Amino acid sequence: MENHTVRVLDAQFITHDVKCFKVEKPEGYNFIPGQATEVSINTTEWNDKPRPFTFTNLKEENYLEFMIKIYKEHNGVTNMLGRINKGDELILHDVWGAIQYKGPGVFIAGGAGITPFISIFRDLFIKKQLAGNKLIYSNKTSEDVIMNEELEGMLKDNFIKLFTREKIMGFTGKRIDRKYLIENITDFSQHFYICGSKEFVKSISGYLIDLGAKTDEVVFEKS
1 MENHTVRVLD AQFITHDVKC FKVEKPEGYN FIPGQATEVS INTTEWNDKP
51 RPFTFTNLKE ENYLEFMIKI YKEHNGVTNM LGRINKGDEL ILHDVWGAIQ
101 YKGPGVFIAG GAGITPFISI FRDLFIKKQL AGNKLIYSNK TSEDVIMNEE
151 LEGMLKDNFI KLFTREKIMG FTGKRIDRKY LIENITDFSQ HFYICGSKEF
201 VKSISGYLID LGAKTDEVVF EKS
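Going letter by letter, the sequence shown gives residues 1 to 223 in full-length UniProt numbering.
Note that these hints are calculated values from the structure, not bench results.
Because the structure is a prediction, the values reported are computed rather than measured.
There's no promise every hint is true.
Distance condition first, Cα-Cα at most 25 angstroms in a straight line; then the derived BS3-like pairs of lysine-lysine [claimed, not checked]:
hint: 1; residue 1: Lys59; residue 2: Lys140
hint: 2; residue 1: Lys161; residue 2: Lys198
hint: 3; residue 1: Lys22; residue 2: Lys49
hint: 4; residue 1: Lys161; residue 2: Lys202
hint: 5; residue 1: Lys19; residue 2: Lys86
hint: 6; residue 1: Lys102; residue 2: Lys174
hint: 7; residue 1: Lys72; residue 2: Lys198
hint: 8; residue 1: Lys156; residue 2: Lys174
Sequences are here, hints too, so could you generate the full structure?
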């Protein structure tokens with residue numbers, strides 16, 4: 001496994017608990033939109049604790065970008081990443097990942113599971129090939145939505161947001177379940193792309209296949 005030590009070029013919170021990191025891009029280091037790598041912090045205490053994160057930038061850019069949810073309540077890697085700033089160093093490993101674009105379809109994301117789709121959407125957008133794709137994005141509240149304005153700008157009416165715990169008057173929480181999929185998807189023969197927690201991916205992929213989606217048309221990261 002090849003390791004690359006890279007310097008952080010920029011680090012900013014883009015939501016209340018998601019931080020965006022731009023880092024140096026090693027020479028010859030390439031990825032396909034949707035892919036990921038393992039990232040560790042270049043300090044004695046943390047350099048042997050890599051965690052998987054997805055690239056969110058365009059592959060042609062001269063830097064690499066990650067959008068990482070920070071769990072401040074845990075004394076773990078993301079908590080420490082919350083303290084990482086410009087000039088600090090990270091360690092990147094090999095590129096991997098099964099989430100790759102196969103053709104127009106429905107993207108279904110839960111929370112930080114949107115990250116592999118961001119690079120895919122950006123790539124399709126600059127190629128003018130985004131037509132025919134739809135995003136269904138579930139979060140606890142509107143404050144948790146990652147890259148809301150950019151996703152709205154790219155996908156327009158094909159960007160559907162669901163909130164499970166929005167605490168505003170008149171709001172009823174809605175989840176992506178079998179009933180929701182039946183009511184909102186008319187064609188189960190198309191491509192489906194799913195990313196989120198293991199439970200999220202397992203339940204939604206199960207619903208889709210039960211409703212007629214072909215197993216090889218349902219794309220998700222297999223653990």
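Taking each numbered hint in turn, which are not upheld by the structure, reported in ascending numerical order?
Structure breaks hints 1 and 6.
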